[in-house]
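Going line by line, the protein sequences match chains A and B.
According to numbering that gives the first Met the number 0, the first sequence is numbered sequentially starting from 0.
According to numbering that gives the first Met the number 0, the second sequence is numbered sequentially starting from 0.
It is worth saying that the hints were derived from the structure and are not from the lab.
The structure presented is a predicted model; accordingly, all values stated were derived computationally and were not measured.
Take the hints with a grain of salt, since some may be wrong.
Computed Cβ-Cβ distance ranges for the label pairs, DEER-style [claimed, not checked]:
| # | chain 1 | residue 1 | chain 2 | residue 2 | range |
| --- | --- | --- | --- | --- | --- |
| 1 | B | N233 | A | P78 | 35 to 45 Å |
| 2 | B | S163 | A | P78 | 46 to 56 Å |
| 3 | B | S163 | A | V189 | 30 to 40 Å |
| 4 | B | P107 | A | R270 | 47 to 57 Å |
| 5 | B | G355 | A | D170 | 47 to 57 Å |
| 6 | A | F82 | B | S39 | 23 to 33 Å |
| 7 | A | L107 | B | G105 | 33 to 43 Å |
| 8 | A | D170 | B | P107 | 28 to 38 Å |
| 9 | B | S163 | A | Y86 | 55 to 65 Å |
| 10 | A | S8 | B | K210 | 55 to 65 Å |
| 11 | B | G105 | A | L74 | 42 to 52 Å |
| 12 | B | Q110 | A | F82 | 37 to 47 Å |
| 13 | A | V189 | B | Q134 | 49 to 59 Å |
| 14 | B | R62 | A | W185 | 49 to 59 Å |
Straight-line C-alpha distance at most 20 Å; calculated SDA-like pairs for lysine to any residue [as the list claims (entries may be wrong)]:
| # | chain 1 | residue 1 | chain 2 | residue 2 |
| --- | --- | --- | --- | --- |
| 15 | A | K268 | A | A202 |
| 16 | B | K48 | A | N235 |
| 17 | B | K75 | A | L174 |
| 18 | A | K268 | B | K75 |
| 19 | A | K190 | B | V106 |
| 20 | A | K88 | A | L73 |
| 21 | B | K75 | A | N235 |
We treat Cβ as the ideally placed atom computed from N, Cα and C, and that holds for glycine.
Each chain, letter by letter, is given below.
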Amino acid sequence: MRKILVGLSWGWLGIFALLPLMMLFVVSFFHRGVSEFFVPGFTLENYIRLFDPIYFTVFFKSLILAVVTTIFCLLLGYPFAYFMASYGKAARSYLMILVIIPFWTSSLIRTYATMLILRTNGLLNTILLKLGIISQPMEILYTEWAVYIGMVYTLLPFMILPLYSAVEKLDRQYLQAASDLGASPWQTFVKVTLPLTLPGIIAGSMLVFLPAMGLFYIPDILGGAKSLVVGSFIKNQFLAARNWPFGAAISVFLCLLMGAGIWLYFWVKSRVSPEETKA
Amino acid sequence: MSEIVVSLHGVTKKYGDLSILNGVDLEIKKGEFLTLLGPSGCGKTTILKLVAGFEFPTSGEIRLNGRVVNQEPPEKREVNTVFQSYALFPHMSIFDNVAFGPRLRGVPEDQIREDVKKALEMVQLIHLADRRPNQLSGGQQQRIAIARAVINKPSVLLLDESLSALDYKLRKQMQVELKHLQRQLGITFVFVTHDQEEALSMSDRIVLMHKGVIQQIGTPTEIYENPANLVVANFIGEATFFDALVVDHSEKGIALETEGQKIHLKDTKTKAKPGSKLKILVRPEDLRVERFSKDITEAFSFEGLVEHILYRGTVIDLCIRLKSGHVIQATEFYNEDSDALGYKVGQAVFVTWVDGWEVLLEDA
């Protein structure tokens, strides 16, 4: 029974994840077609094109977007996870539900909802105007601010969940031991809490950073498609420019970048806590 | 008059309605090995936490080296703790663990290297300096935890059930090592345990606690030989009790009625009124068991039947049912020259003790 289940999940992964990826990989070496999606053959042209400075800016912009989003998520998520872990059981599960609720609705729909909130005559501006905090509506929608707000909002739970589990696992006796040995609360945090929750920080950062690199609809919808990011760039190659081989090459390149990131994660993790990787 | 390092005056600790400590008064002398002993939940660990600063008292006063430290955080106190689970930092090498305290105090790195080396040599684990805590055995981690604490030269070292995670043989060995270390360093040790044997063998003084109240403070001998009350007597060592009724007492001693007999003991300390109830406590090893009444040298003896014989290596325990139906336990040492081994189940015996070896306790 166990074998069948394991086999099933491998089969599922093979058909719906590995096979498309392999197809993408193969297509990335094909020629561009005029009337068809691609013309079979072998060329490195698609990869060489990637090193064009124009595309480099796209990658760089996406990287900045993903890094800044990750940092914001970390800065917001760490305190949240930390306090969540130190509350009682009832409060914890209540907070946990709040974190999970957004998953009940499609992210795309929530992004449109965000748009309604951020609009010039949207909910946010109306409330702030009524409260007299601002005298004229703020232009948020279709700016970088809107993109960051949308990205952080969408990806924050992916940061909080691994952080929470790392902080919760942290034995409070280590913190007591640190203060017992003369560490101030801040020193305890830097020298003990932070290093011991590093696996959670890295896991959360990966879970935010990787989708942030590929998300295209949030910059499109909230940023007004003004700045091109890798995600929408790939989407455009497939749907608008109808250049499948180039789109595939960008995808493969992005996969490799992320693969390198994951490898880095396990490398750092093995250095932080050797016992876990040994087992 | 020895110096007082830590003192607690009228200290209470409550969590909501739950009272953990009720008015504890305690003075800890410089350089002594003090053990807080009691069953789990008696408040002994709470005292440790209050002295360390992990918890603050609800009322009362705690002084450390003369200054009131009631609300002072742990990092400000010249006290260090060896935790029950050692709490060695898993992300640091043994060296960095031991160097943690001195580094925070800004000791120069050269000095630290020397101090850590000394501390690790003291616990004989200098060869493990580069390892991680999870690569060490329980006993080794225990010693590193001690090294990490004593390198800071604390006024008081607090040890929280520090030996309970070790197996029997290692625990015995660590008891000797701890005692040796304490003498060598001259640091005050406050040791928390629920193991009475451990407390008796290591301590200069024992504080016996029960339900948040100190029952008795004394040397191991005092606690064992002269328990202050029934709680102490029951907790420390094995005890055989005889219910007794006070008949009379004078300067010559006390007349009691027990096991259907009138006996006279030379005890003059007990001031119980005639007619009041007492318990006579006799340690099982102090009971004398004879097979013939002619061998009894004391003025009194109780007749009974051997019900069980428990062989325990160097001694044997006899369960004896007295005529009153009261079952008592007596421990007999082997005497190679006699036929003391010859006890049989069902055999008639006479039980007595040397007048004065008993303790008379008021029946609560």
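Verify the CB-CB distance for B/P107 and A/R270 against the hinted window 47 to 57 Å. violated, 28 Å
The hint says 55 to 65 Å between A/S8 and B/K210; measuring C-beta to C-beta, is that right? holds, 56 Å
With 30 to 40 Å as the target window, see if B/S163 and A/V189 comply at their CB atoms. The hinted range 30 to 40 Å holds for B/S163 and A/V189, with Cβ atoms some 32 Å apart.
Sort out whether A/A202 lies within 20 Å of A/K268, counting only the CA atoms. OK: A/K268 and A/A202 at ~9 Å, within 20 Å.
Supplied distance hint 23 to 33 Å, evaluated on CB atoms of A/F82 and B/S39: At roughly 31 Å between Cβ atoms, B/S39 and A/F82 fall inside 23 to 33 Å, so the hint holds.
Honestly, do B/N233 and A/P78 meet the 35 to 45 Å range at C-beta? Cβ of B/N233 to Cβ of A/P78: about 51 Å, so the range 35 to 45 Å is violated.
Look at the Cβ atoms of B/Q110 and A/F82 and judge whether their distance stays inside 37 to 47 Å. At roughly 39 Å between Cβ atoms, A/F82 and B/Q110 fall inside 37 to 47 Å, so the hint holds.
Take a look at whether the Cβ-Cβ distance between A/D170 and B/P107 falls inside 28 to 38 Å. At 31 Å between Cβs, range holds.
Hey, A/K190 versus B/V106, does the alpha-carbon distance stay inside 20 Å? holds, 17 Å
Falls inside 33 to 43 Å, the C-beta gap from A/L107 to B/G105? violated, 55 Å
Holds or violated: are the alpha carbons of A/K88 and A/L73 at most 20 Å from each other? violated, 24 Å
If I claimed the Cβ atoms of A/V189 and B/Q134 lie 49 to 59 Å apart, would that claim hold in this structure? violated, 25 Å
This entry does not satisfy hints 1, 2, 4, 7, 9, 11, 13, 14, 16, 18, 20 and 21, going by the numbered hints stated previously.
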